[in-house]
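Those sequence lines, one after another, are chains A and B.
Our numbering puts the first residue of the first sequence at 1, with every later residue one more than the last.
Our numbering puts the first residue of the second sequence at 114, with every later residue one more than the last.
Don't take each hint at face value.
As the list claims (entries may be wrong) - Reference excerpt, derived from the structure (chain A facing chain B, CB under 7 Å, subset only):
{"id": "1", "residue": "THR31"}
{"id": "2", "residue": "GLY42"}
{"id": "3", "residue": "PRO43"}
{"id": "4", "residue": "GLN48"}
{"id": "5", "residue": "ARG51"}
{"id": "6", "residue": "ALA87"}
{"id": "7", "residue": "LEU90"}
{"id": "8", "residue": "ARG94"}
{"id": "9", "residue": "ALA95"}
{"id": "10", "residue": "GLY105"}
{"id": "11", "residue": "SER106"}
Don't read these hints as lab results, they were simulated from the structure.
Every residue gets a Cβ at the ideal spot worked out from N, C-alpha and C, and that includes glycine.
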Amino acid sequence: ETGVTQSPTHLIKTRGQQVTLRCSSQSGHNTVSWYQQALGQGPQFIFQYYREEENGRGNFPPRFSGLQFPNYSSELNVNALELDDSALYLCASRAWATNEKLFFGSGTQLSVL
Amino acid sequence: AQSVTQLGSHVSVSEGALVLLRCNYSSSVPPYLFWYVQYPNQGLQLLLKYTSAATLVKGINGFEAEFKKSETSFHLTKPSAHMSDAAEYFCAVSSAGGTSYGKLTFGQGTILTVHP
Chain A
1 ETGVTQSPTH LIKTRGQQVT LRCSSQSGHN TVSWYQQALG QGPQFIFQYY REEENGRGNF
61 PPRFSGLQFP NYSSELNVNA LELDDSALYL CASRAWATNE KLFFGSGTQL SVL
Chain B
114 AQSVTQLGSH VSVSEGALVL LRCNYSSSVP PYLFWYVQYP NQGLQLLLKY TSAATLVKGI
174 NGFEAEFKKS ETSFHLTKPS AHMSDAAEYF CAVSSAGGTS YGKLTFGQGT ILTVHP
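Produce the entire structure from the sequences given, and follow the hints as far as they go.
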């Protein structure tokens, strides 16, 4: 149990729709990262948020966006869903500027039909 | 740019046998290296990490890894496999620095099967 919770656990959407995934960070962690893990692949870094601002982004288009709230919970929003967006989305939290390890949630499995 | 290559997408061992999972990395700056384990329908759990201290790193559940700069490798080993070790293992690399700590580059993963 890492203290990082994600909701929902599973989600089915249709191509072209929009989706919001939620993450509650571990207590005391002010930084959150989001990863996309396609079937049979390693996780890929989407972006990181610190103090409610994006702080580092991977190779993902602008239709992937996020929010971090003052209580350090966060959201991942994906617009105009494509079939290739089907994946497990993982959120991970940590304390900024330390060598603290990342604590991963169990993920949200998104299926786009 | 950083990258990770895990040699062997599937490794099968007998219970009690040596576990060796291979990882090679590429990094233009001194790397931080990690091994994570993922059980079905779960997130990632950190096994161990190398952050420029001792080159032989001991982790949880009897796993260890050795950082070899000359070989750009960070292979994961365990002397005696248990059935409970069956899972998918990921090697990952990042750089030092606040922004970089949360940005990991993962390998493709290695599925470890343990036979009775």
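Hint check:
1. The interface hint given for THR31(A) is met, as the beta carbon of that residue sits about 6 Å from the closest beta carbon of chain B, less than 7 Å.
2. For GLY42(A), the interface hint holds, since its Cβ comes within 7 Å of a Cβ in chain B; the closest pair sits about 3 Å apart.
3. Restraint check, PRO43(A) versus chain B: the minimum CB separation of about 5 Å is within 7 Å; hint holds.
4. Because the closest C-beta pair between GLN48(A) and chain B is about 5 Å apart, less than 7 Å, the hint holds.
5. Nearest Cβ of chain B to the Cβ of ARG51(A): about 11 Å, over the 7 Å cut. The hint is violated.
6. Interface hint at ALA87(A): violated, since its Cβ lies 13 Å from the closest Cβ of chain B, which is beyond the 7 Å cut-off.
7. With 7 Å as the threshold, the beta carbon of LEU90(A) comes within range of chain B, its nearest partner Cβ sitting at about 6 Å, so the hint holds.
8. Taken as an interface hint, ARG94(A) checks out: its beta carbon lies about 6 Å from the nearest beta carbon of chain B, inside 7 Å.
9. A least Cβ separation of about 9 Å between ALA95(A) and chain B goes past the 7 Å threshold, and the interface hint is therefore violated.
10. This hint holds: GLY105(A) has a C-beta 5 Å from the nearest C-beta of chain B, less than the 7 Å allowed.
11. For SER106(A), the interface hint holds, the least distance from its beta-carbon to any beta-carbon of chain B being 5 Å, beneath 7 Å.
Of the numbered hints given earlier, the model fails hints 5, 6, 9; all others are met.
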